[in-house]
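Student: What follows is each chain in one-letter form.
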Amino acid sequence: MIVAEQKTLEEIKALVGNARKVLVVGCGTCVTVCFAGGAREAAIVAAELRMASKLEGNPKEVSDVTVQRQCEWEYLDQIAEQVGQVDVVLSLGCGVGVQAIAEHFPNTWVVPGLNTKFMGLPLEQGVWAERCAACGDCILGLTGGICPIARCSKSLLNGPCGGSVDGHCEVNAEIPCAWQLIYDRLKSLGKLEVLMDIQPPKNWQKARDGGPRKIVREDLRLGSGE
Amino acid sequence: MSEDLRLIAFCCQYCAYAAADLAGALRLQYPPDVRIVLLPCSGRLDLLTALLALEEGADGVMVVGCMPGDCHFLEGNLNARRRVEALQKLLQAIGLEAERVRMFNLSSAMAAEFAEAVRTMREQIAKLGPNPLRKVPQESEP
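Residue numbers (my numbering), protein chains in the order written: chain P, 1 to 226; chain Y, 1001 to 1142.
The shape of chain Y in the complex, shown without the other chains:
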């Protein structure tokens, strides 16, 4: 891996988190720059938390929920998608690329697809480069 990237993956416990667990059990390789955050459902995604992750220097945020129609709480994954879209618009208004946030849908059996999703996200973020908020100095201009 060329540069150090920081990806945050908000994962639903019923699908993506289990898929990540299975990927580990199967010894599947995927980029190590991802940090997994367990959610009880992707519908629990908090826009503010995801935004603060990016403010604090995360380069990309993945939200991974169940396949459409398979949400344990019926529609949490569909609500999460709406929130991801809202966050993308918000990032554009701020001056960041909307592509830094992306929603994926998996089932708990899709370990290989989870690894693939992380690779896809990493490639997408590598193209954009690191989060510019990491590079901008903290100090105000003189």
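Okay, chain P solo, but in the shape it has when bound:
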């Protein structure tokens, strides 16, 4: 899932600025399950903004609504009327959600309430860790299902580096060394020979370095496709 974290109320207040009517839009997918921007969080942020603005002597009208996914036009259509009635939309979606709202409602001022952090998973309730860097050319088949791009601080393809100490990364002792994890896992699976192949430099053009990415699936497109 996409993992995000709420901005501070101070930051949100600054982004909302002098707008009097505010719509807080939650998203029912990734940011709901990471407790950053779901229906409950949208209601909490809306209450915070109402209370803070009232205490400051300039009460705002703040309401909240949550759509199943902010990143699909169909779901955004459902809130078009509410969006049209406010001065600003505070999106509690990930960066995709904020941009989808901006793109779908060209006349609406939209600001982000979250900082989108990474693609990852919950290790336990309240703790999330990064697992995928969307490099565009998955190599998990070479590394026993542990990603050195996302989990090695240097994204090394032939690790570990000299900074691996007792299974931890030199960047931060709390980060497990991805290459130690890969070695341990391949060893336990009896597949250490996989590491005998030296990996050539990765084609980073398939990642962000090649510019914004786009996928076109002709088999799924409708009509003439024009």
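Hints are computed from structural coordinates only; laboratory data are not their basis. Hints are supplied without guarantee of correctness; some may be wrong.
Anything over 10 Å on all C-beta distances counts as not near chain P; from chain Y, calculated [claimed, not checked]:
| hint | residue |
| --- | --- |
| 1 | Met1067 |
| 2 | Gln1088 |
| 3 | Glu1099 |
Pairs of lysine to any residue, SDA-like flavour, derived with a Cα cap of 20 Å [as the list claims (entries may be wrong)]:
| hint | chain 1 | residue 1 | chain 2 | residue 2 |
| --- | --- | --- | --- | --- |
| 4 | P | Lys187 | P | Asn158 |
| 5 | P | Lys154 | P | Gly144 |
| 6 | Y | Lys1089 | P | Thr8 |
| 7 | Y | Lys1089 | P | Gly126 |
| 8 | Y | Lys1135 | P | Glu56 |
| 9 | Y | Lys1089 | P | Ala43 |
| 10 | P | Lys154 | P | Ala207 |
| 11 | P | Lys13 | Y | Lys1089 |
| 12 | P | Lys21 | P | Leu55 |
| 13 | Y | Lys1135 | P | Asn58 |
| 14 | Y | Lys1089 | P | Arg50 |
| 15 | P | Lys7 | Y | Gln1092 |
| 16 | Y | Lys1135 | P | Gly57 |
| 17 | P | Lys7 | Y | Lys1089 |
| 18 | P | Lys7 | Y | Ala1086 |
| 19 | P | Lys117 | P | Thr8 |
| 20 | P | Lys7 | P | Ala19 |
| 21 | P | Lys202 | P | Gly159 |
| 22 | Y | Lys1089 | P | Gln6 |
| 23 | P | Lys154 | P | Cys138 |
| 24 | P | Lys7 | Y | Leu1047 |
| 25 | Y | Lys1135 | Y | Glu1055 |
| 26 | P | Lys7 | Y | Gln1088 |
| 27 | P | Lys21 | Y | Leu1133 |
| 28 | P | Lys117 | P | Gly136 |
| 29 | P | Lys154 | P | Pro176 |
| 30 | P | Lys206 | P | Met119 |
| 31 | P | Lys206 | P | Ile139 |
| 32 | P | Lys117 | P | Val96 |
| 33 | Y | Lys1089 | P | Phe35 |
| 34 | P | Lys7 | P | Phe118 |
| 35 | Y | Lys1135 | P | Leu55 |
Cβ coordinates follow ideal geometry from the N, Cα and C atoms, glycine included.
With chain P's structure known, arrange chain Y on it following the hints.
Tutor: Relative to the frame of chain P, chain Y by itself:
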């Protein structure tokens, strides 16, 4: 009692709610400004509900759970404490005093302590005064 205060006490059914019941049976006196909300466990405390209570004008919110180590659901009271601390931080960010929310731990036999906890909370809130959100006019400035 000098001024009219509104306290909300979210009480676990296994300890504080039973203690309040016992306080009643024992005819113990405690401030009448408290409204008790039954929870199946203090761990069921919902941050949004407590926040909305304060938005709607409650002056203080008490959360009362079992003694540490005695939770019927093992750790609900410890989880509740984390949530109370989160709510306190949130109140400060909003501009309200963190002391408007407080966690207490009791057992079901502690009727006198329940009455004392309500008195303590009432004194704490009386020092802060009524919730300023009650006084601020609803209308926007001209």
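Student: Taking the hints in turn, state whether each one holds.
Tutor: Going down the list of hints, with the structure as the test:
1. Distance check for Y/Met1067 against chain P: the nearest CB is about 24 Å away, which clears 10 Å, and the non-interface claim stands.
2. Distance to chain P confirms Y/Gln1088 as a non-interface residue, since its nearest Cβ pair spans about 13 Å, more than 10 Å.
3. Residue placement check: Y/Glu1099 keeps its beta carbon more than 10 Å from all beta carbons of chain P (closest about 16 Å).
4. Taken as a hint, the P/Lys187 and P/Asn158 pair is honoured in the structure, with Cα atoms around 16 Å apart against an allowance of 20 Å.
5. Only pairs whose Cα atoms come within 20 Å are accepted, and P/Lys154 paired with P/Gly144 is accepted, the gap being roughly 18 Å.
6. A threshold of 20 Å between alpha carbons decides the hint, and for Y/Lys1089 with P/Thr8 the separation of about 11 Å falls inside it, so the pair holds.
7. Distance check on the hinted pair: Y/Lys1089 and P/Gly126 sit about 17 Å apart at the alpha-carbon level, within 20 Å; holds.
8. Taking the CA atoms of Y/Lys1135 and P/Glu56, the gap is near 12 Å; set against the 20 Å cutoff, the hint holds.
9. Between the alpha carbons of Y/Lys1089 and P/Ala43 the distance comes to roughly 17 Å, so the proposed pair stays at or under 20 Å and holds.
10. A hinted pair counts as satisfied when its Cα atoms are at most 20 Å apart, and P/Lys154 with P/Ala207 qualifies at roughly 15 Å.
11. For the suggested pair P/Lys13 and Y/Lys1089, the alpha carbons sit about 16 Å apart, so the restraint of at most 20 Å is met.
12. Only pairs whose Cα atoms come within 20 Å are accepted, and P/Lys21 paired with P/Leu55 is accepted, the gap being roughly 16 Å.
13. With a C-alpha separation of about 13 Å, the suggested pairing of Y/Lys1135 with P/Asn58 holds against the 20 Å cut-off.
14. Taking the CA atoms of Y/Lys1089 and P/Arg50, the gap is near 17 Å; set against the 20 Å cutoff, the hint holds.
15. With a C-alpha separation of about 15 Å, the suggested pair P/Lys7 and Y/Gln1092 falls inside the 20 Å cut-off, and the hint holds.
16. A C-alpha spacing of about 11 Å is found between Y/Lys1135 and P/Gly57, which places the hinted pair at or below 20 Å, so the restraint holds.
17. Taking the CA atoms of P/Lys7 and Y/Lys1089, the gap is near 14 Å; set against the 20 Å cutoff, the hint holds.
18. A distance of roughly 15 Å separates the Cα atoms of P/Lys7 and Y/Ala1086; the hinted pair therefore holds under the 20 Å criterion.
19. Of the supplied pair hints, the one linking P/Lys117 and P/Thr8 holds, its CA atoms being roughly 15 Å apart against a limit of 20 Å.
20. For the given pair, P/Lys7 sits about 18 Å from P/Ala19 by alpha-carbon distance, which is consistent with the 20 Å threshold.
21. At roughly 14 Å between alpha-carbon atoms, P/Lys202 and P/Gly159 fall within 20 Å of each other, so this suggested pair holds.
22. Between Y/Lys1089 and P/Gln6 the CA atoms are separated by roughly 14 Å; this keeps the pair inside 20 Å, and the hint holds.
23. For the hint pairing P/Lys154 with P/Cys138, the CA-to-CA distance comes to about 17 Å; that is within 20 Å, so the pair holds.
24. A hinted pair counts as satisfied when its Cα atoms are at most 20 Å apart, and P/Lys7 with Y/Leu1047 qualifies at roughly 18 Å.
25. Among the hinted pairs, Y/Lys1135 with Y/Glu1055 is consistent with the structure: their alpha-carbon atoms are about 12 Å apart, no more than 20 Å.
26. Between P/Lys7 and Y/Gln1088, the direct Cα distance comes to roughly 17 Å. Compliance with the 20 Å bound is thereby established for this hinted pair.
27. A C-alpha spacing of about 19 Å is found between P/Lys21 and Y/Leu1133, which places the hinted pair at or below 20 Å, so the restraint holds.
28. Restraint check for P/Lys117 and P/Gly136: the C-alpha separation of about 18 Å stays at or below 20 Å, so the hint holds.
29. Between P/Lys154 and P/Pro176, the direct Cα distance comes to roughly 13 Å. Compliance with the 20 Å bound is thereby established for this hinted pair.
30. In summary, the hint linking P/Lys206 to P/Met119 is supported, as the alpha carbons are separated by about 17 Å, within the 20 Å threshold.
31. A distance of roughly 12 Å separates the Cα atoms of P/Lys206 and P/Ile139; the hinted pair therefore holds under the 20 Å criterion.
32. Using a Cα cut-off of 20 Å, the hinted pair P/Lys117 and P/Val96 holds, with the two alpha carbons roughly 12 Å apart.
33. In summary, the hint linking Y/Lys1089 to P/Phe35 is supported, as the alpha carbons are separated by about 17 Å, within the 20 Å threshold.
34. Simply put, P/Lys7 and P/Phe118 have alpha-carbon atoms about 15 Å apart, close enough for the 20 Å limit, and the pair holds.
35. Distance check on the hinted pair: Y/Lys1135 and P/Leu55 sit about 9 Å apart at the alpha-carbon level, within 20 Å; holds.
Against the hints set out earlier in the document, no violation occurs for any number.
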